[in-house]
Every structure is written in structure tokens, then in C-alpha cells.
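Visitor: These are the residues of each chain, in order.
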Amino acid sequence: MNSASGSGNNGAGKKASPDGELSERLDKLGRNLEEQGRGSPKQHQPSSSSATGGYAQAMKISSEFIAGIIVGGGIGWVFDLWLATKPFGLIVFLLLGFVAGILNVLRATGRVAEPGQPKKPDAGNEK
Amino acid sequence: MANDPIHQFQINQLLPIDVGGVDFSFTNSSLFMVLTVAATAAFLIFSTSGRGLVPGRWQSVSEMSYEFVASTLRSAAGTEGMRFFPLVFSLFMFVLVANLFGLFPYFFTVTSHIIVTFALALLVISTVIIYGFMRNGVSFLKLFIPSGVPGLLIPLVTLIEIISFLSRPISLSVRLFANMLAGHITLKVFAGFVVSLSAYGAVGVVGAVLPMVMTVAITALEFLVAFLQAYVFTVLTCMYLNDAIHPSH
Chain A
48 MNSASGSGNN GAGKKASPDG ELSERLDKLG RNLEEQGRGS PKQHQPSSSS
98 ATGGYAQAMK ISSEFIAGII VGGGIGWVFD LWLATKPFGL IVFLLLGFVA
148 GILNVLRATG RVAEPGQPKK PDAGNEK
Chain B
397 MANDPIHQFQ INQLLPIDVG GVDFSFTNSS LFMVLTVAAT AAFLIFSTSG
447 RGLVPGRWQS VSEMSYEFVA STLRSAAGTE GMRFFPLVFS LFMFVLVANL
497 FGLFPYFFTV TSHIIVTFAL ALLVISTVII YGFMRNGVSF LKLFIPSGVP
547 GLLIPLVTLI EIISFLSRPI SLSVRLFANM LAGHITLKVF AGFVVSLSAY
597 GAVGVVGAVL PMVMTVAITA LEFLVAFLQA YVFTVLTCMY LNDAIHPSH
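If you read the protein sequences in the order shown, they are chains A and B. The numbering of the first sequence is the numbering used here, which starts it at 48 and goes up by one. The numbering of the second sequence is the numbering used here, which starts it at 397 and goes up by one.
Derived by calculation from the structure, the hints in this document are not laboratory data. A portion of the hints provided could be inaccurate.
So these bits of chain A aren't anywhere near chain B, every CB distance computed over 12 Å [to be verified]: (1) GLY67; (2) ARG72; (3) ASN79; (4) SER110; (5) GLU111; (6) GLY123; (7) ASP127; (8) ALA131; (9) PHE135.
If the Cβ cut is set under 10 Å, some of the chain A residues that face chain B in the computed set are [unchecked claim]: (10) ILE116; (11) PRO134; (12) GLY136; (13) GLY144; (14) GLY148; (15) LEU150.
Using C-beta positions, here's what the derived DEER-type ranges look like [claimed, not checked]: (16) A:LEU69 <-> B:VAL433: 36 to 44 Å; (17) B:LEU552 <-> A:TRP124: 17 to 25 Å; (18) A:THR132 <-> B:GLN409: 37 to 45 Å; (19) A:SER70 <-> B:PRO401: 54 to 62 Å; (20) A:ARG158 <-> B:LEU552: 57 to 65 Å; (21) B:SER535 <-> A:PHE135: 28 to 36 Å; (22) B:MET478 <-> A:ASP66: 42 to 50 Å; (23) B:LEU606 <-> A:ALA131: 55 to 63 Å.
Glycine residues also receive a C-beta, built at the ideal position from the N, C-alpha and C atoms.
My request is simple: use the sequences and hints to build the entire structure.
Guide: Below is the structure:
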């Protein structure tokens, strides 16, 4: 879609002054950036400075990871308590808790799509 | 005791109330919750009483807080999410004002106790679950079944998604509580260095300048953290509410 409209615009822009062409290209770049920005996760906090932004990010990611493990371990413990399957429930659910913790972290950093939103094809590519 | 950094989190009974063996005492924590709510309500009632077309200083602050929460909610959960605006706005104001109150010397920080933040997170997550089932019925459970997963893996992935969902209130509450607790302890420890260093005569007083500078810097950082954590709490609340409104994949 971009190439079709872009080439038409460029053809028209060549006749105009070089300033017009430049603004045309800037507009296009702005639109492209906007489109790409829409794909990024909305969860970003306002990073006022790099140091405090990193601190907030560290708190956020660690709490996501720990919460997954705590919930997994808790479910396993209750599971064992009710069904007398000690220690297998704890083992299995603790492992699942680790997996869920990793999933939480990946979601928090925007590398896996949020459950509510459709998966973006380029979400996993960004390093 | 004066140098005990944990002392500030102690709960004291101000008005012992005992109902059928259950402790319902009015504590310093309750006092500051009441103060938080009273301050928020007083601020909003006072600032919106003028209703000027051109807002004054106070009115523009309350309008800014409204706009801020409303735009956060709208961008995360869409226009439909605006029906939760009262809840989200109350949560934001409560957490923000409680965080800021905690920065006054000798004030109790309500949000530095995990039971308070966990209660708030449970409120959010139970709203999500109840509203999700009310609105979508059983199809709300689709939230736990990601699309495009091979049939063999569905039970495992669903289990992981459920654990991930259940971990949300915990991560939400732990984040707020840990930030406030850690910040206040750090502040207290550095401030304690000032006192204990200055006990060593002139050299100590000169040396005490360093932790003093740190204390000032951390106080500034704590103001930022107080706001940031209230914002993060609000944003995540909005995202979870979005799941309740649009659970489809």
C-alpha cells in the first residue's frame, strides 16, 4: 500500500520545489513511524530518566517473575494438601509457575502478545 | 530504636474495637486511610466547587488528574472501559495520595503494607472476573486458551495461562508494596547514617554530608516513585479491565 501511494506522491513531488519533496518524505516517515509505534506494547511507563526508568523496569519484571513462581508453588502446595499427592503436585506446579513467570516477563517486556490483544507478527523480532 | 528503619511500619492501635473475638481496632493505618480519602475528597470537592469555564489553579489540577486517568483508561480499554472510570480514578487517587502522604515525616505509609495493596489488587481482579463472566459468559474463559496452539498442548498452555492470570494480583500488589517499603527503608537508613556519623566529632560531621546529600536525592526519587507506582497500578488495572471487556484472541 505504501509503495503505490508513495510512488504517485513522489512523481507529483518531483515537479515541486525540493522543499516540498522533503516535507513529503518527512510526512511519509512520520506516518511510517506512527504505524510502527502502534505495534509496540502500550505498557511503557513514562521514562523520565534512564536511571529511574531502569529501576522501575527492574521492579516490574522481578515482581512479575516472582509472582508467577509464588502462585505456581501455592497451587501445588494446596493441591498436595487436598489430594495427598505430596510432593508431586508441588514439583509440577512449581515448574509451571516458573513457566508462567517467564511468560509474564516476556509479556511485560512486550516480546509476547498480551492475552487480550491479537498477536503481532513483528512482536517477537525486536531484540 | 530511633535508628530502627522498620519502626516506621509498626501498626499501633489507637482505638481498640473487638467484635466477637475479631480485632476491628482503629489503628494508625486506618487513620491514614481515612485521612487519604478525606484529603482526596476534600481536594476534589473544593477544586471543582468553582466550576469556572476558565479553570483556576486548583480546578486545573483536578481537571488534569481527570484527563490523565481518562486518557489512560481510554487508550488501554477503549471507550467501553469508561464505565469503570469511577473505580480506576478512585484507585489512582487513593494510591497516589497515600504514597505522597507517606513522604511526610512521621506519617504512616498505608501502601507499604502488602495487605493493603493486595486488597486493592484483589478488588481489581475480582472486578475483572465478575464483569468478564457477566458480560461474556463462558466465552470469558477463552482468555485462557490462546489461538493457534496445537491441540496436544492446549491443556498445558491453559494451565500456564491460568497461573499467569492468578499471578497478576500478586505482582500488582507486590510491586507497589515493595517499592514503597524499599524506598522508605533506604531513606531511613541513610538518614540514620547522618545521625550516627555526626556523633564522631568534627570529622564525622564532615563525613555526614554525604549521606545527607543521598537522603535529599532519595527523597526526590521517592516523589517520582510515588507517582510512577500509582500510574503503573492504574495502567495495569486498565489493561486487566480490557481483558474483561474484550477477552477474544
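Visitor: Hint by hint, say whether it matches the structure.
Guide: Evaluation of the provided hints:
no.: 1; hint: GLY67; in the structure: holds, 34 Å
no.: 2; hint: ARG72; in the structure: holds, 29 Å
no.: 3; hint: ASN79; in the structure: holds, 21 Å
no.: 4; hint: SER110; in the structure: violated, 4 Å
no.: 5; hint: GLU111; in the structure: violated, 5 Å
no.: 6; hint: GLY123; in the structure: violated, 10 Å
no.: 7; hint: ASP127; in the structure: holds, 16 Å
no.: 8; hint: ALA131; in the structure: holds, 21 Å
no.: 9; hint: PHE135; in the structure: holds, 15 Å
no.: 10; hint: ILE116; in the structure: holds, 8 Å
no.: 11; hint: PRO134; in the structure: violated, 18 Å
no.: 12; hint: GLY136; in the structure: violated, 12 Å
no.: 13; hint: GLY144; in the structure: holds, 6 Å
no.: 14; hint: GLY148; in the structure: holds, 7 Å
no.: 15; hint: LEU150; in the structure: holds, 5 Å
no.: 16; hint: A:LEU69 <-> B:VAL433: 36 to 44 Å; in the structure: violated, 56 Å
no.: 17; hint: B:LEU552 <-> A:TRP124: 17 to 25 Å; in the structure: holds, 20 Å
no.: 18; hint: A:THR132 <-> B:GLN409: 37 to 45 Å; in the structure: holds, 43 Å
no.: 19; hint: A:SER70 <-> B:PRO401: 54 to 62 Å; in the structure: holds, 59 Å
no.: 20; hint: A:ARG158 <-> B:LEU552: 57 to 65 Å; in the structure: violated, 20 Å
no.: 21; hint: B:SER535 <-> A:PHE135: 28 to 36 Å; in the structure: holds, 33 Å
no.: 22; hint: B:MET478 <-> A:ASP66: 42 to 50 Å; in the structure: holds, 43 Å
no.: 23; hint: B:LEU606 <-> A:ALA131: 55 to 63 Å; in the structure: holds, 58 Å
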